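Colleague: Now for the letters of each chain:
2 protein chains.
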Amino acid sequence: MKFNLLEGRHLKDIASIVGSDRISTGISNLELHSRDQSQHPPSLPEAVVWPVNRTEVSDILRYANRHLIPVTGWGSGTSLEGNPIPVFNGLVLDFSLMNKIIEIRESDFQADVEPGLAYQDLNEKLRHKGLFFPPDPGARATIGGMIANNASGIRTVRYGSTRANILRLTVVLADGEVLEMGCRASKTSSGYDLINSFIGSEGTLGIVVDATVRLRGWPEEFSTATVNFGDVETAGKAVFEIMRSGIEPASLELLAPECISVINREKKLGMEVSPTLFIEFHGASGKQLEYVMGIANEICEGLDCYDFRQGIERKEREELLNARYELAEMIRRSHPGCSHIVIDVAVPISAYPEIISMARSESRNAGIPGYTFGHAGDGNLHLVFMGKTGDEKEWDIIDMISKRIVETAISLGGTATGEHGVGIGKRGFMKAEHGRSLVWMKKIKDLYDPNGILNPGKIFP
Amino acid sequence: MKFNLLEGRHLKDIASIVGSDRISTGISNLELHSRDQSQHPPSLPEAVVWPVNRTEVSDILRYANRHLIPVTGWGSGTSLEGNPIPVFNGLVLDFSLMNKIIEIRESDFQADVEPGLAYQDLNEKLRHKGLFFPPDPGARATIGGMIANNASGIRTVRYGSTRANILRLTVVLADGEVLEMGCRASKTSSGYDLINSFIGSEGTLGIVVDATVRLRGWPEEFSTATVNFGDVETAGKAVFEIMRSGIEPASLELLAPECISVINREKKLGMEVSPTLFIEFHGASGKQLEYVMGIANEICEGLDCYDFRQGIERKEREELLNARYELAEMIRRSHPGCSHIVIDVAVPISAYPEIISMARSESRNAGIPGYTFGHAGDGNLHLVFMGKTGDEKEWDIIDMISKRIVETAISLGGTATGEHGVGIGKRGFMKAEHGRSLVWMKKIKDLYDPNGILNPGKIFP
Numbered sequence: 001m002k003f004n005l006l007e008g009r010h011l012k013d014i015a016s017i018v019g020s021d022r023i024s025t026g027i028s029n030l031e032l033h034s035r036d037q038s039q040h041p042p043s044l045p046e047a048v049v050w051p052v053n054r055t056e057v058s059d060i061l062r063y064a065n066r067h068l069i070p071v072t073g074w075g076s077g078t079s080l081e082g083n084p085i086p087v088f089n090g091l092v093l094d095f096s097l098m099n100k101i102i103e104i105r106e107s108d109f110q111a112d113v114e115p116g117l118a119y120q121d122l123n124e125k126l127r128h129k130g131l132f133f134p135p136d137p138g139a140r141a142t143i144g145g146m147i148a149n150n151a152s153g154i155r156t157v158r159y160g161s162t163r164a165n166i167l168r169l170t171v172v173l174a175d176g177e178v179l180e181m182g183c184r185a186s187k188t189s190s191g192y193d194l195i196n197s198f199i200g201s202e203g204t205l206g207i208v209v210d211a212t213v214r215l216r217g218w219p220e221e222f223s224t225a226t227v228n229f230g231d232v233e234t235a236g237k238a239v240f241e242i243m244r245s246g247i248e249p250a251s252l253e254l255l256a257p258e259c260i261s262v263i264n265r266e267k268k269l270g271m272e273v274s275p276t277l278f279i280e281f282h283g284a285s286g287k288q289l290e291y292v293m294g295i296a297n298e299i300c301e302g303l304d305c306y307d308f309r310q311g312i313e314r315k316e317r318e319e320l321l322n323a324r325y326e327l328a329e330m331i332r333r334s335h336p337g338c339s340h341i342v343i344d345v346a347v348p349i350s351a352y353p354e355i356i357s358m359a360r361s362e363s364r365n366a367g368i369p370g371y372t373f374g375h376a377g378d379g380n381l382h383l384v385f386m387g388k389t390g391d392e393k394e395w396d397i398i399d400m401i402s403k404r405i406v407e408t409a410i411s412l413g414g415t416a417t418g419e420h421g422v423g424i425g426k427r428g429f430m431k432a433e434h435g436r437s438l439v440w441m442k443k444i445k446d447l448y449d450p451n452g453i454l455n456p457g458k459i460f461p
Numbered sequence: 462m463k464f465n466l467l468e469g470r471h472l473k474d475i476a477s478i479v480g481s482d483r484i485s486t487g488i489s490n491l492e493l494h495s496r497d498q499s500q501h502p503p504s505l506p507e508a509v510v511w512p513v514n515r516t517e518v519s520d521i522l523r524y525a526n527r528h529l530i531p532v533t534g535w536g537s538g539t540s541l542e543g544n545p546i547p548v549f550n551g552l553v554l555d556f557s558l559m560n561k562i563i564e565i566r567e568s569d570f571q572a573d574v575e576p577g578l579a580y581q582d583l584n585e586k587l588r589h590k591g592l593f594f595p596p597d598p599g600a601r602a603t604i605g606g607m608i609a610n611n612a613s614g615i616r617t618v619r620y621g622s623t624r625a626n627i628l629r630l631t632v633v634l635a636d637g638e639v640l641e642m643g644c645r646a647s648k649t650s651s652g653y654d655l656i657n658s659f660i661g662s663e664g665t666l667g668i669v670v671d672a673t674v675r676l677r678g679w680p681e682e683f684s685t686a687t688v689n690f691g692d693v694e695t696a697g698k699a700v701f702e703i704m705r706s707g708i709e710p711a712s713l714e715l716l717a718p719e720c721i722s723v724i725n726r727e728k729k730l731g732m733e734v735s736p737t738l739f740i741e742f743h744g745a746s747g748k749q750l751e752y753v754m755g756i757a758n759e760i761c762e763g764l765d766c767y768d769f770r771q772g773i774e775r776k777e778r779e780e781l782l783n784a785r786y787e788l789a790e791m792i793r794r795s796h797p798g799c800s801h802i803v804i805d806v807a808v809p810i811s812a813y814p815e816i817i818s819m820a821r822s823e824s825r826n827a828g829i830p831g832y833t834f835g836h837a838g839d840g841n842l843h844l845v846f847m848g849k850t851g852d853e854k855e856w857d858i859i860d861m862i863s864k865r866i867v868e869t870a871i872s873l874g875g876t877a878t879g880e881h882g883v884g885i886g887k888r889g890f891m892k893a894e895h896g897r898s899l900v901w902m903k904k905i906k907d908l909y910d911p912n913g914i915l916n917p918g919k920i921f922p
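Chain order of the listed sequences is A and B.
Counting in the numbering used here, the first sequence runs without a single skipped number right up to 461 at its last residue.
Counting in the numbering used here, the second sequence runs without a single skipped number right up to 922 at its last residue.
Just chain A, same shape as in the assembly (with noise of 0.2 Å):
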């Protein structure tokens, strides 16, 4: 690519645009704006920008369009693929200050939000109103990151990633343009969408600069469950007879040994060290919820799970839910001098047994330890994979067997990233999933971002 550097001028030109005190090309910021939390290489930006408004990110990006500077949203850097690491430098444009809640639509359940705002802190605006937006990736997600990745969580399974939560969006695009897209409307059959083109693209065909949100009502029950068994295999075959039944949980997570371990370890649970499930349902009666429990627990029984426990209390609920937040990061800290690569495939869920088994495996007999977790009921699986950093010959052999993983994903019909991105890491995989789709994917790109100046250096190979 043809990318010019940043020089004395431009950053008088951008400060002009947003005032000196909000770019910034001291080195603790370029740090903090150089890597996210996987393990992909850091690089530097040559600046960083904290625009407040619309039109200043569409100044920005018109200048740096017409000067061929690279520029890469940001959020809160919580992404697990090298999605924001600026790898061709340039600008990062921070939208920490742009975390306004413009609006909430309480009678509509939506809220038109900007993108920087966490959606962990649009949540607790909205708990006391008894609503919610579903997605959750967990950690301290910005809604303009999770649109860029299409996140997902443990809820999507019964509320759908981000593409199902997001009604109106106004992304600048290349050349400075606003783009307003989509409607107010539960529903329309007006003209092509384009906003899905956006969600899910990693800030490579434009910057969103606000955007309208689907909200939902908080539960008014909850019922849940941890279940135990003989073999993560058979908890995987758990999980396909439950999505099968057509009983809906809100949530259905698959929790290794291996995993358990590291969480009793940290956090004092006292959980049982056994292939585990975590179910939960959402309803509007205990009845209900009684009775869908009692299929899973029926489900359960007969693939001879040992332990099916009821019946959990809020308190303990939210460690549960806390500790699956954190695993991955806890994971990381049990490894101190490993580096990681998380797989985050997935697959139909009639696959899932089959991904599960063959994954595990390939981690066993290339002697690899692999920490096997996922969104179950969503056919998504993660293996966490730790190597000695800088032992080529280990991570030579975790990149084989990761590779290997992905493809059978694939094979089975599946994706290479069920809700991470592709960001650096998965771009090696893309042709093998989507043959000519990447061809228009990159006509897509051409026609919205001509220059390449948007997070250059990732998705396409």
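FYI, nobody ran anything at the bench for these hints, they're computed from the structure.
Treat the numbers as computed from the prediction; the structure is a model and nothing was measured.
Ideal placement from N, C-alpha and C gives every residue a C-beta, glycine not left out.
Worth double-checking, as some hints may not be accurate.
Straight-line alpha carbon distances no greater than 30 Å define the calculated DSS-like cross-link-like pairs of lysine-lysine that follow [claimed, not checked]:
#: 1; chain 1: B; residue 1: Lys-864; chain 2: B; residue 2: Lys-854
#: 2; chain 1: A; residue 1: Lys-445; chain 2: B; residue 2: Lys-849
#: 3; chain 1: B; residue 1: Lys-854; chain 2: A; residue 2: Lys-287
#: 4; chain 1: A; residue 1: Lys-125; chain 2: A; residue 2: Lys-267
#: 5; chain 1: A; residue 1: Lys-442; chain 2: B; residue 2: Lys-586
#: 6; chain 1: B; residue 1: Lys-892; chain 2: A; residue 2: Lys-443
#: 7; chain 1: A; residue 1: Lys-237; chain 2: B; residue 2: Lys-698
#: 8; chain 1: B; residue 1: Lys-849; chain 2: A; residue 2: Lys-442
#: 9; chain 1: A; residue 1: Lys-393; chain 2: A; residue 2: Lys-445
#: 10; chain 1: A; residue 1: Lys-403; chain 2: A; residue 2: Lys-431
#: 11; chain 1: B; residue 1: Lys-463; chain 2: B; residue 2: Lys-854
#: 12; chain 1: A; residue 1: Lys-442; chain 2: B; residue 2: Lys-590
#: 13; chain 1: B; residue 1: Lys-463; chain 2: A; residue 2: Lys-443
#: 14; chain 1: B; residue 1: Lys-748; chain 2: B; residue 2: Lys-776
#: 15; chain 1: B; residue 1: Lys-729; chain 2: A; residue 2: Lys-129
#: 16; chain 1: B; residue 1: Lys-892; chain 2: A; residue 2: Lys-315
#: 17; chain 1: A; residue 1: Lys-287; chain 2: A; residue 2: Lys-237
#: 18; chain 1: B; residue 1: Lys-590; chain 2: A; residue 2: Lys-445
#: 19; chain 1: B; residue 1: Lys-776; chain 2: A; residue 2: Lys-443
#: 20; chain 1: B; residue 1: Lys-892; chain 2: A; residue 2: Lys-431
#: 21; chain 1: A; residue 1: Lys-443; chain 2: B; residue 2: Lys-904
#: 22; chain 1: A; residue 1: Lys-445; chain 2: B; residue 2: Lys-864
#: 23; chain 1: B; residue 1: Lys-849; chain 2: B; residue 2: Lys-729
#: 24; chain 1: B; residue 1: Lys-776; chain 2: A; residue 2: Lys-287
#: 25; chain 1: A; residue 1: Lys-2; chain 2: B; residue 2: Lys-904
#: 26; chain 1: B; residue 1: Lys-463; chain 2: A; residue 2: Lys-287
#: 27; chain 1: B; residue 1: Lys-864; chain 2: A; residue 2: Lys-129
#: 28; chain 1: B; residue 1: Lys-586; chain 2: A; residue 2: Lys-125
#: 29; chain 1: A; residue 1: Lys-431; chain 2: B; residue 2: Lys-729
#: 30; chain 1: A; residue 1: Lys-431; chain 2: B; residue 2: Lys-906
#: 31; chain 1: B; residue 1: Lys-729; chain 2: A; residue 2: Lys-237
#: 32; chain 1: A; residue 1: Lys-445; chain 2: B; residue 2: Lys-892
#: 33; chain 1: A; residue 1: Lys-287; chain 2: A; residue 2: Lys-2
#: 34; chain 1: B; residue 1: Lys-903; chain 2: A; residue 2: Lys-443
#: 35; chain 1: B; residue 1: Lys-698; chain 2: B; residue 2: Lys-776
#: 36; chain 1: B; residue 1: Lys-906; chain 2: A; residue 2: Lys-442
#: 37; chain 1: B; residue 1: Lys-904; chain 2: B; residue 2: Lys-892
The following label-pair restraints were derived from C-beta to C-beta distances [claimed, not checked]:
#: 38; chain 1: B; residue 1: Gly-763; chain 2: A; residue 2: Pro-450; range: 56 to 62 Å
#: 39; chain 1: A; residue 1: Arg-404; chain 2: B; residue 2: Pro-503; range: 36 to 42 Å
#: 40; chain 1: A; residue 1: Pro-450; chain 2: B; residue 2: Ile-562; range: 39 to 45 Å
Keeping the supplied structure of chain A fixed, place chain B upon it in accordance with the hints.
Modeller: Chain B alone, transformed into the frame defined by chain A:
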């Protein structure tokens, strides 16, 4: 536009692709493919072709693109905005021979289907498996047509429109390229979403040749009620309050008294002639449904409904649903010598009472009787106006009030078309609804179909 007329040599070439028994220039075939169920004037294609596989579709499109011959896909002609009327003549591709269920993957809640399959035929096959494909536009809509129009229906308020129920698509592009998109995992964050550009594009970007659709479990329990109100505006308020309560009906339909009269006359159902809501809940247990129906009851009583009739049995429920499906047709039949126009706006649910009230007073003030009904839970309002065919003065008034209603819906944050698509009839509102987005829709059109051969004359003003 600069299209070529179909000449003898073209017909011969196309016949050599599909065989001469699957191309017709007979007037009765041309007439059958010249109009849909709207009032838009018919326009004859020059030939109708019945392809049987994607290779034929690809060969035909490649040929048509080279010779600048318009091509319009045809499902069953049940659309309501002139969407498949071949206004520039050319070829119509009738998909009635591509109507197979390729595979039902029961355990993944998925089916692979051909575009000419009627969704009712799919649901018939699925019934004994306890599954169904939820979007339900009524009539004998084909799945290809439903994808083209992003169709929805009575149960969309719970299960989403067609867009929410498609996982994979294969389309043939204008130049004959066969493009496969999406995957079979229930979620993915892998690269740009291309599928959603084609859903709702009314066959102007590509022609669907197969699809993987998402299925849902047929509910174990149903609970249905009809509720009568003193006026339509109050019924609209009840809709808003029910949706706001978060109890998630599976249907929430509004029928104004004039619609009930038509139903009673044709179906002899003997319903109370007053503003009526039809409410349905789906669930796993009777207790749960009692609970949510109780809330609906409280809301309606609070708004002085004068009858809330619960516990409607299956036979009556199905009669009511069928009457609702056939309503537009019955209205038309009851006005011989008249033409009709159907308003299909959708607004944020809080604006539903306002749009109803505005639309009905416009209609009252102009002295034009309208039939008000709609998928109320989605904020989707239909109004059918009947005017004497050829009475220009009456039609000027109808067009004027229709325009005002649509413009009001847009100004309330809504859309010109909730489910019928843009077709011919809503093109005039695209600029007002989409602004600059319309320019980008046109760029997407030019990218996929640079010669503009696919269903020309639709969507764009």
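Colleague: Each hint: holds or not?
Modeller: Going through the hints against the structure:
For the hint linking Lys-864/B to Lys-854/B, the alpha-carbon distance of about 16 Å falls within 30 Å, and the restraint holds. Taking the CA atoms of Lys-445/A and Lys-849/B, the gap is about 50 Å. The hint is violated against a cut of 30 Å. A threshold of 30 Å between alpha carbons decides the hint, and for Lys-854/B with Lys-287/A the separation of about 60 Å lies outside it, so the pair is violated. Under the criterion of a C-alpha separation no larger than 30 Å, the hint pairing Lys-125/A with Lys-267/A is consistent with the structure, at around 28 Å.
Between Lys-442/A and Lys-586/B the CA atoms are separated by roughly 40 Å; this puts the pair beyond 30 Å, and the hint is violated. Under the criterion of a C-alpha separation no larger than 30 Å, the hint pairing Lys-892/B with Lys-443/A is consistent with the structure, at around 25 Å. Distance check on the hinted pair: Lys-237/A and Lys-698/B sit about 47 Å apart at the alpha-carbon level, beyond 30 Å; violated. Distance check on the hinted pair: Lys-849/B and Lys-442/A sit about 52 Å apart at the alpha-carbon level, beyond 30 Å; violated.
Annotation: proposed proximity of Lys-393/A to Lys-445/A is violated, straight-line Cα distance about 37 Å (limit 30 Å). Between Lys-403/A and Lys-431/A, the direct Cα distance comes to roughly 13 Å. Compliance with the 30 Å bound is thereby established for this hinted pair. A C-alpha spacing of about 35 Å is found between Lys-463/B and Lys-854/B, which places the hinted pair above 30 Å, so the restraint is violated. Pair hint Lys-442/A plus Lys-590/B does not hold up; C-alpha atoms about 41 Å apart against a cutoff of 30 Å.
Annotation: proposed proximity of Lys-463/B to Lys-443/A holds, straight-line Cα distance about 26 Å (limit 30 Å). Under the criterion of a C-alpha separation no larger than 30 Å, the hint pairing Lys-748/B with Lys-776/B is consistent with the structure, at around 22 Å. Restraint check for Lys-729/B and Lys-129/A: not satisfied, since their Cα atoms lie roughly 45 Å apart, outside the 30 Å limit. A hinted pair counts as satisfied when its Cα atoms are at most 30 Å apart, and Lys-892/B with Lys-315/A does not qualify at roughly 52 Å.
As the CA atoms of Lys-287/A and Lys-237/A are separated by approximately 27 Å, the hinted pair is consistent with the 30 Å bound. Simply put, Lys-590/B and Lys-445/A have alpha-carbon atoms about 43 Å apart, too far for the 30 Å limit, and the pair is violated. Between Lys-776/B and Lys-443/A the alpha-carbon distance is near 53 Å, which puts this suggested pair outside the 30 Å criterion. This hinted pair does not check out: Lys-892/B and Lys-431/A have alpha carbons roughly 37 Å apart, beyond 30 Å.
For a cut-off of 30 Å, the pair hint linking Lys-443/A to Lys-904/B stands: about 11 Å separates their Cα positions. About 37 Å separates the Cα atoms of Lys-445/A and Lys-864/B, which puts this hinted pair outside 30 Å; it is violated. At most 30 Å may separate the alpha-carbon atoms for a hinted pair to count; Lys-849/B and Lys-729/B meet this at roughly 27 Å. For the given pair, Lys-776/B sits about 27 Å from Lys-287/A by alpha-carbon distance, which is consistent with the 30 Å threshold.
Among the hinted pairs, Lys-2/A with Lys-904/B is consistent with the structure: their alpha-carbon atoms are about 26 Å apart, no more than 30 Å. Restraint check for Lys-463/B and Lys-287/A: not satisfied, since their Cα atoms lie roughly 65 Å apart, outside the 30 Å limit. Note on Lys-864/B and Lys-129/A: the hinted pairing is violated, with a Cα-Cα distance of about 37 Å set against a maximum of 30 Å. Annotation: proposed proximity of Lys-586/B to Lys-125/A is violated, straight-line Cα distance about 47 Å (limit 30 Å).
With a C-alpha separation of about 60 Å, the suggested pairing of Lys-431/A with Lys-729/B is violated against the 30 Å cut-off. Proposed proximity of Lys-431/A and Lys-906/B is supported: the alpha carbons are some 25 Å apart, at most 30 Å. Between Lys-729/B and Lys-237/A, the direct Cα distance comes to roughly 52 Å. Violation of the 30 Å bound is thereby established for this hinted pair. Restraint check: the Cα-Cα separation between Lys-445/A and Lys-892/B comes to about 25 Å, which is no more than 30 Å; the hinted pair holds.
Straight-line distance between C-alpha atoms of Lys-287/A and Lys-2/A comes to about 64 Å, which puts the hinted pair past the 30 Å bound. Only pairs whose Cα atoms come within 30 Å are accepted, and Lys-903/B paired with Lys-443/A is accepted, the gap being roughly 15 Å. Under the criterion of a C-alpha separation no larger than 30 Å, the hint pairing Lys-698/B with Lys-776/B is consistent with the structure, at around 29 Å. For the hint linking Lys-906/B to Lys-442/A, the alpha-carbon distance of about 16 Å falls within 30 Å, and the restraint holds.
Taking the CA atoms of Lys-904/B and Lys-892/B, the gap is near 15 Å; set against the 30 Å cutoff, the hint holds. Between Gly-763/B and Pro-450/A the Cβ separation comes to about 57 Å, which falls inside the hinted range of 56 to 62 Å. As the Cβ distance of Arg-404/A to Pro-503/B is approximately 58 Å, the hint placing it in 36 to 42 Å is violated. The hint said 39 to 45 Å for the Cβ distance between Pro-450/A and Ile-562/B, and at roughly 43 Å that hint holds.
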